[in-house]
Amino acid sequence: MDLALTIGIDALTYASWLFIVSLGLTLVFGVLKILNMAHGSIYALGAYAAASTVALFASWGWSPASSLVAMLFAAAAVAAVVGPLLERTLLARFYGRDEVLLLLVTYALFLILEDATKLIWGVNPYYVSEPYSLLGNIEIGKLVFVGYDLALIGLAAVCGLAVWLGLNRTVAGKVVLAVIHNPEMSASMGVNISVVYSVAFTIGVFLAALGGAFTAPMISVQPGVSVSVIIVSFAVVIIGGLGSIEGAAIGALVVGLARAVAVHVMPEIELFSIYLVMAAVLVFRPEGLFQSVKARVI
Amino acid sequence: MAPTKALAFSLAAIAVLLLAGLAAPKWLLFLSTMAASHGLAILGVVVLMRGGGATFGQGLFFAVGAYGAAMASIQLGITDAILRALLGALAAGLLAGLVAPLLARYRGIFFAMLTLALSMVAYGILSKWSALGGTDGFNLPRPTVLGMMLDTSWADYVLYGLTVVFAALAAAGVAVYFRSSSGLASLAVRGNDLRVEYLGASPRALLALNFSIAGALGGLGGALTGLALGHVDPQFAYWTTSGEFVFAAILAGYQSVAAVFVASLLLEVVRSFSNLYFPNTWQLALGVFLLLVVLFRPGGIGSLWSGRKAKPARPEPEGEPAVACKEGTAT
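Sequence order for the protein chains is A and W.
Take any residue in the first sequence, count from 1 to its spot, add 3: that is its number in our numbering.
Take any residue in the second sequence, count from 1 to its spot, add 1219: that is its number in our numbering.
In case anyone wonders, no lab produced these hints; they're calculated from the structure.
Small disclaimer: the values here were computed from a predicted structure and weren't measured.
Covered stretches of chain W, going by a simulated chain A footprint (3 or more residues, C-beta under 8 angstroms): (1) 1314-1325; (2) 1333-1345; (3) 1499-1511.
Covered by chain W, according to a simulated footprint, are these stretches of chain A (three or more residues, beta-carbon under 8 angstroms): (4) 98-105; (5) 118-126; (6) 225-237; (7) 274-287.
Note that the Cβ used here is the ideal one computed from N, Cα and C, for glycine as well.
Can you make the complete structure from the sequences, with help from the hints?
Written out as structure tokens, the structure reads:
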């Protein structure tokens, strides 16, 4: 029973940050039709920026509670700088081209950002453990859980709801849905597509950076974090169906559960348990769990 | 290319390269061996790419070839380098043939991501398998060639020669394949697979065939790389290895087989120099270079000397965000 509870909470914690990151990935794919390989690098940027900002706030003598604000601020700053810059200067050149070509472009971007991060922050690991103990511990039954982990679950829920409501219950969201459905028609109805793409990409970047910033206290921030993130979040969005928010949520839960069970029961298969699940899903649902079948166009 | 012409080209290339190898310093010899063996794996990526399949998992077959050849020497006691290389290619080709029917149902990024997933599963298995040395891998016993023990002073040259011969023959084979009916139909699949289906050919079978060829070439390349390094480790299967193959394949383009090896050599040269002089920015250089190629020479360097004009892949107007956001690029 305790084991089940531990696995459950572990799975939820892991799934929640994974969901935040994958939400950005799936949103960018849904709107721009780009599977962004550099998403993990932006996650890493968020984590590094959070590490620096938290340290900066602490050096100004602000209270430890401000570190939560610092992390949020770091994610927003990364999104505000990186999002429009990448979208306008680089990705805008490739719209309407082959999806695979765009995959390569973002792969190039991934390579560039990897080294850019190393150039800015060096290769030594950063630790930002202060915020992690900030929210205390919570006892459930006989087990003790870290409050921060549970708060992360809440954050993921907030992000998911915000994006879902924003897309489905606001006028701006409806415009985005229209662009997803048919960009040409939307353009002829007077929608400024460039702005929609820019904003959607920036929100995607923000979500990646947010995931990175709020995971920073739980890990050591060092070169290489981006790679593991991108591989796992790919699995999430593929399992859920590319471009689907519900899919990303279910995918994150599935991957979180698979990983948590693997870690507690068979630690040696941790890494590829995720991929076994993904392969299994794809054998039965080639387009992922939540993707409707599309007609192929000649 | 006609079979006789391709064979003549490859024999001439072998002769020139074997002679040049005699004069080359040791470091260049090793570098060229790596370029040729990696070039084989990249050639596989190109075969697949030409048929409309993008792979981020060529590392899987690279690793299976390397490990297969290594196991052949350790478990079966096979010391002959040629036999080991062929067994590596066979192991990888068989594996590719097994998974090909499953993967051939997918196209585009799904295909790419699934190959990535497979290679990462292999990476996971290899790095946790302690009998195979885990993440450290293991060292290989020295090979023999045609029953002769390799003298240490000549070993590098012999392995270089072996790799060059394999690479040139494989290149000739691929050049012939490109002009065969399957090879030409693959090109059509890249253009529009649905139309190919209407015309009665099976894009799925073609993709599966190309994938198997790519797997066998990857395995051959991996086995030869393992022989030359004297060591194999799970890094062979890691996705960054596959990423480098893709990089070189894009750089080469699919119009010229020779370009594949030029691109491979370029990559090796840049890699070894940047390891020395700028270890922390070499990925950055690769990324910028990849962007430049994609932007300004979408046909790869092969289109520099191949007569046909490379056209960037233009999508169908429907179903894509085809509305260009900049003036002048509208389709």
